[in-house]
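Trainee: Spelled out, the chains give:
Protein chains: 2
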Amino acid sequence: MKQVNVLGIDGGGTKTEAVLMDENYQILGSGKSGPSNYQSVGIEVAKNSIQTAISQAVTNSNSHQPISGICLGLAGVGRPEDFPVVENLLQEIITNIPIKRALQPNTIIICSDSNIALVGGIGYSIGIVAMAGTGSQVFGQNSQGLTKRVGGWGYLLGDEGSGYNIAIKGLQAALKSYDGRESPTTLITDFQRHLGLTNIEGIVEVVYRRGWGATEIAALAPIVSVAADKGDKVAKKIIQGAVKELSIATKIVISTLFQPHESFEVVTIGSVWNSMIDFRGRFEDSILAIAPTARVIWPRHQPVYGAGILALKAVKVKS
Amino acid sequence: MKQVNVLGIDGGGTKTEAVLMDENYQILGSGKSGPSNYQSVGIEVAKNSIQTAISQAVTNSNSHQPISGICLGLAGVGRPEDFPVVENLLQEIITNIPIKRALQPNTIIICSDSNIALVGGIGYSIGIVAMAGTGSQVFGQNSQGLTKRVGGWGYLLGDEGSGYNIAIKGLQAALKSYDGRESPTTLITDFQRHLGLTNIEGIVEVVYRRGWGATEIAALAPIVSVAADKGDKVAKKIIQGAVKELSIATKIVISTLFQPHESFEVVTIGSVWNSMIDFRGRFEDSILAIAPTARVIWPRHQPVYGAGILALKAVKVKS
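Order-wise, the sequence lines are chains A and B. Note that the numbering used here has the first sequence beginning at 1, numbered continuously upward. Note that the numbering used here has the second sequence beginning at 1, numbered continuously upward.
Bear in mind the hints are in silico, worked out from the structure with no lab data behind them. From a predicted model like this one, the values you see are computed outputs, not experimental measurements. Glycine included, C-beta positions come from ideal geometry on N, C-alpha and C. Any given hint could turn out to be false.
Stated by the list, open to error - Derived CB-CB ranges, DEER-like:
1. A/Ile43 x B/Asn96: 39 to 47 Å
2. B/Gly202 x A/Ser143: 29 to 37 Å
3. B/Ile97 x A/His194: 39 to 47 Å
4. A/Trp212 x B/Gly202: 21 to 29 Å
5. B/Arg193 x A/Asn88: 28 to 36 Å
As the list claims (entries may be wrong) - Far from chain B by the CB rule (all over 12 Å, computed), these chain A residues:
6. Asp22
7. Gln26
8. Ser33
9. Pro84
10. Asn96
11. Ile126
12. Gly231
13. Asp278
14. Ala294
Generate coordinates for the entire structure from the input sequences, incorporating the hints supplied.
Mentor: Structure below.
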């Protein structure tokens, strides 16, 4: 294959990353900027973030090859209505930036964040990604190209097993216990101490009046994990429930996409997997119990690298 | 008792009501205006709403008696820090309005919305109010003046058994079922049809991107109730769970405040009690099973009337 340069972009709710990659999957340059989840930050902010990240990646590379392919993985993109919006956005951006382009049709790929996370995490498109950070979802693809997603409905409608879910269940349990509706739990004093409150009732002020969002609440998940590790039964039940939810979601993706004796990998991505004590091991046990041919792995590469791989794949199909 | 006029005010998240009441608990005039939950709408809006409602009540009354007492029940007021804020607010308002005043110390009462709901609903201060509208809480007071509150932590942290809780559990169950993680349920098509969606995935757009709040989500609760009534097992479980949560909360208030053979009333207030099918009857059965001396009643008066009663009581103690 002749010399080829492609762009991989990972657009998220808090940051946007871009890499310029060559035909040997080598990163020539990378860039980083602000959020580009256009549904929450708006089209203009998203455009600026993506443009900045791309410009940085190209400038840092010292490469003068034209860009032959682009893959943009964007959080929240999934419905058919999203694609034309994002495609227009991307077209405008690449027209704005003074870069050489040799883009054939079908070498601009727009997909969801779970798609590039799967490809980056495993190194290719087949397998399962179990994402559990602030939110959660499990996404997979098999060798026939069939995909299945479970979860990812956001903090109000789902995200079972996520950091947000663990934290909010911890807070709810602490308040129920304070009311006398739940067994005693150290979570009451744990949250109080962590948040510098004189009384757990102050949590109302913190959550509603300081304008806390899902991210801030999710950051309290490790408190539940530590309490569970110290033997608090209420906290233990929450942590075990989260492992169970992620296992159930993963098992549905497995049974939808893979045959009983097929080998495949499940990559775990997100802060929950390494910040919760005695969590990932239980998940792994639960998965291997029903799918002994599965391998639970840590991510091999970042999602932005997965976007680069997908862009390169599109160009190779063309060439 | 000589001729006395007092003001009762019910300040909520969507509206503010005021009544001018005489010494015989007769309403001489009433007023209604916008929201006055100062934590969400801000001090200025709250001040305007309360001022407008009071002015209307006084103007409509044709009474020229001075105001001898005021009771303001405000949603979300409960913590010690709230009282000086609201007291200042109320002082400013009554100075602004050209009304005759004969206010003795301790004849200005500031309390929570549950307090005036209890007094309005039952007619006096002793008993229990089980509130279940968009949110939920159970509050009670006994003859010794001891109070107990369970719940009322808001839509994210609690509000079990509320309209919001029933609706969000219905949506979560529908999406879990769609994912293959929950038994089949008619809730998927029920929500789709109600919201005019071609696919249940469109619920993400509705809930997150249209800026829906707890009130809009809570308005979907009757869909879960209707599905349960038609025999949908998933919906039934949610409705039964809500009844159970409200029963548990009420039982804790009962056991904290009342002796086993003491007679008292439990007043049910809020849209959930009359919009859910086969709901209040189950709640009543559950309460009577553990407290046969309790009587579950519908509210005798509005909360704003309860505020009037409390204002009058304060004046009578003084006179």
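Trainee: It remains to establish, for every hint, whether it holds in the given structure.
Mentor: To see whether the hints hold, each was checked on the structure:
{"no.": "1", "hint": "A/Ile43 x B/Asn96: 39 to 47 Å", "in the structure": "45 Å, holds"}
{"no.": "2", "hint": "B/Gly202 x A/Ser143: 29 to 37 Å", "in the structure": "31 Å, holds"}
{"no.": "3", "hint": "B/Ile97 x A/His194: 39 to 47 Å", "in the structure": "45 Å, holds"}
{"no.": "4", "hint": "A/Trp212 x B/Gly202: 21 to 29 Å", "in the structure": "27 Å, holds"}
{"no.": "5", "hint": "B/Arg193 x A/Asn88: 28 to 36 Å", "in the structure": "32 Å, holds"}
{"no.": "6", "hint": "Asp22", "in the structure": "37 Å, holds"}
{"no.": "7", "hint": "Gln26", "in the structure": "37 Å, holds"}
{"no.": "8", "hint": "Ser33", "in the structure": "23 Å, holds"}
{"no.": "9", "hint": "Pro84", "in the structure": "15 Å, holds"}
{"no.": "10", "hint": "Asn96", "in the structure": "26 Å, holds"}
{"no.": "11", "hint": "Ile126", "in the structure": "21 Å, holds"}
{"no.": "12", "hint": "Gly231", "in the structure": "25 Å, holds"}
{"no.": "13", "hint": "Asp278", "in the structure": "24 Å, holds"}
{"no.": "14", "hint": "Ala294", "in the structure": "18 Å, holds"}
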